[in-house]
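Novice: In order, the protein sequences belong to chains W and D.
Residue numbers for the first sequence follow our numbering, so the first one is 472 and each next one is one higher.
Residue numbers for the second sequence follow our numbering, so the first one is 13 and each next one is one higher.
No lab work stands behind these hints, which were simulated from the structure alone.
Keep in mind that a hint or two might mislead.
Okay, the calculated beta carbon distance ranges per label pair [to be verified]:
(1) D:Arg122 - W:Gly667: 52 to 62 Å
(2) D:Arg247 - W:Thr475: 38 to 48 Å
(3) D:Tyr27 - W:His712: 43 to 53 Å
To list a few chain D residues with every Cβ distance to chain W over 12 Å, as calculated [as the list claims (entries may be wrong)]:
(4) Ser39
(5) Lys45
(6) Gln72
(7) Glu75
(8) Trp89
(9) Gly108
(10) Arg132
(11) Ser134
(12) Met182
(13) Asp184
(14) Asp220
(15) Asp232
(16) Asp261
The C-beta atom is built at its ideal place from N, Cα and C for all residues, glycine as well.
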Amino acid sequence: MDITFKNVSYIYQRNTPFAHKAVDDLSFHIPSGSFVAIIGHTGSGKSTLIQHLNGLAIPSEGEVTIGDFYLTNDKKPKNMKELRSRVGVVFQYPEHQLFEETVEKDIAFGPENFGVSKDEINKRIKDLIPAVGLSEALLERSPFDLSGGQMRRVAIAGVLAVKPEVLVLDEPTAGLDPRGQKEMMEMFYTLHKEQGLTTILVTHSMEDAVKYADHVIILNQGTKYMEGKPEEVFIQKEALHKVQLDVPEMVQFLNLFENKFGKSIPFERQSIKEIAQSIQHIVKGAEKP
Amino acid sequence: MGKKLIEFRNVSFRYGDEQPWVLKNCSFDIYEKEWLAIIGHNGSGKSTIAKLMNGLLFPQEGEIIIDGQQVNEESIWSIRKDVGMVFQNPDNQFVGTTVQDDVAFGMENRGIPREEMITRISETLSAVGMQDYLLTEPHRLSGGQKQRVAIASVLAISPQVLILDEATAMLDPKGRTEIMQTVNNVQEKNELSLITITHDLQEVVQADRVIVMNDGEIWDEAIPRDIFSKKDDLREIGLDVPFVAILADELKANGISITKEPLNHEELLEDLWTLHLKT
Chain W
472 MDITFKNVSY IYQRNTPFAH KAVDDLSFHI PSGSFVAIIG HTGSGKSTLI QHLNGLAIPS
532 EGEVTIGDFY LTNDKKPKNM KELRSRVGVV FQYPEHQLFE ETVEKDIAFG PENFGVSKDE
592 INKRIKDLIP AVGLSEALLE RSPFDLSGGQ MRRVAIAGVL AVKPEVLVLD EPTAGLDPRG
652 QKEMMEMFYT LHKEQGLTTI LVTHSMEDAV KYADHVIILN QGTKYMEGKP EEVFIQKEAL
712 HKVQLDVPEM VQFLNLFENK FGKSIPFERQ SIKEIAQSIQ HIVKGAEKP
Chain D
13 MGKKLIEFRN VSFRYGDEQP WVLKNCSFDI YEKEWLAIIG HNGSGKSTIA KLMNGLLFPQ
73 EGEIIIDGQQ VNEESIWSIR KDVGMVFQNP DNQFVGTTVQ DDVAFGMENR GIPREEMITR
133 ISETLSAVGM QDYLLTEPHR LSGGQKQRVA IASVLAISPQ VLILDEATAM LDPKGRTEIM
193 QTVNNVQEKN ELSLITITHD LQEVVQADRV IVMNDGEIWD EAIPRDIFSK KDDLREIGLD
253 VPFVAILADE LKANGISITK EPLNHEELLE DLWTLHLKT
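Working from the sequences, and respecting the hints, build out all of it.
Specialist: What follows is the structure in structure tokens.
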């Protein structure tokens with residue numbers, strides 16, 4: 472589903488002394504099927520933005536369009552429930568939302584509420600369990616007896632079991648160890664491609680954004696600060712520093728390399744292996760400094 | 013190395029009689045004024061170590077000595093004056109109704125005079141960049157802001173040991189760097205021991221020493237450079253290696269001789285430059 476924000480503002484506790492504009496005149500367009508990374512320092516409005524994507528927040532001003540759903544301050548869609556079945560949100564630390572007696576019941580809770588038949592739910596669970604990296608042996612266990620990483624996978628399976636077309640991920644790897652982080656991101660990327668999802672990833676990791684996203688939106692103080700392909704956005708060191716962000720480590724290294732050797736290796740989202748080859752050419756190059 | 017501040021002697025721990033051992037016969041020392049990083053996969057026992065250090069948990073076997081005192085039911089109250097701890101999720105650590113009340117709470121419990129408290133509140137909140145939020149209610153803060161306040165609250169007690177249990181995991185990269193700078197400044201000024209439990213490799217390479225945990229056992233204990241020279245072994249136990257270490261390996265594969273395992277960009281560039289001049 473295409474997602475469009477048009478001059479969206481969101482004000483918390485409007486008309487009170489605590490009124491606070493978390494999103495300010497924000498406009499952007501996400502074509503269906505893209506993988507978009509949303510980046511911004513703490514308090515830049517990322518979490519408020521994603522609450523608009525399934526109608527948990529209704530814009531105070533402006534309009535949000537998600538597929539055929541249309542959200543404005545005076546016109547809430549009647550079929551909010553349908554919107555929520557088509558936009559799945561994995562919030563931060565989703566394992567805190569587990570509550571059922573067994574893993575199976577917890578995963579089934581979402582689709583049951585959206586009226587999916589028992590047989591279909593069972594089929595979905597069967598498909599999802601390996602996809603999220605769990606084993607069927609866990610289905611009858613209490614989710615609270617699992618490790619943190621497993622609990623998170625159960626919670627994510629619960630969101631995926633609704634079969635959303637848009638998947639919103641709010642820092643989905645926070646708190647996992649490096650292997651867990653990598654596995655989790657690879658899992659989302661595979662799902663994204665296989666099921667043709669539109670994926671929106673809120674992250675602090677420039678490395679993940681470079682690796683998976685085809686479009687990046689940088690937020691600052693509730694408004695869009697930069698937007699573009701990762702390889703265009705992530706080389707703008709000064710602009711990123713101004714909003715408390717940094718370029719990916721690879722770009723930092725390439726900048727330092729250029730300062731030292733006077734020759735640039737352009738950043739093209741290449742692998743470390745490819746960078747090593749470029750460096751080798753320059754270091755072992757014919758000409759002396 | 014300075015004086016021993018914390019000793020773990022053959023410590024084993026499990027959460028219940030039927031449960032598997034989370035720590036298996038762990039022995040190590042932590043010294044005054046040092047920065048020790050503890051790394052390991054989720055469930056390797058890192059956080060259990062932290063909780064044993066200030067008596068949130070007690071070991072079934074072995075003993076833990078902190079500044080000459082064995083950690084037990086009687087000693088925990090005096091030990092907790094020395095061991096300050098900040099956890100991953102700031103929401104679980106708030107007690108005050110305003111930021112300044114929260115920072116004051118720990119000090120009140122320790123009977124610190126009011127004038128001193130006021131000075132420390134403003135000092136520690138400035139140190140973490142939260143001086144403009146004295147009267148803000150904690151639930152109005154963002155995750156990163158809450159964590160800064162939690163760190164300020166601990167620093168205000170001026171402990172001998174500061175333990176950060178993945179305390180920067182929820183912050184953005186810049187916030188993370190800033191907090192670590194703050195923590196390092198305080199560590200130097202107050203001559204603290206700093207123990208960071210982290211997955212952040214930038215944090216690990218800066219530490220004086222690293223303990224690597226794997227399945228409840230101490231897998232390795234060394235300076236960061238030695239740890240990161242064992243790349244394949246680290247990957248095997250689910251850990252990551254820094255970008256420069258991976259790049260150094262790829263360069264070696266391209267026939268470039270790297271003289272020492274680089275810990276940061278500068279070291280690797282220096283090495284490459286020397287080589288370039290010789291070519």
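Novice: Go through the numbered hints given earlier and state which of them the structure violates, listing their numbers in rising order.
Specialist: Structure breaks hints 12, 13, 16.
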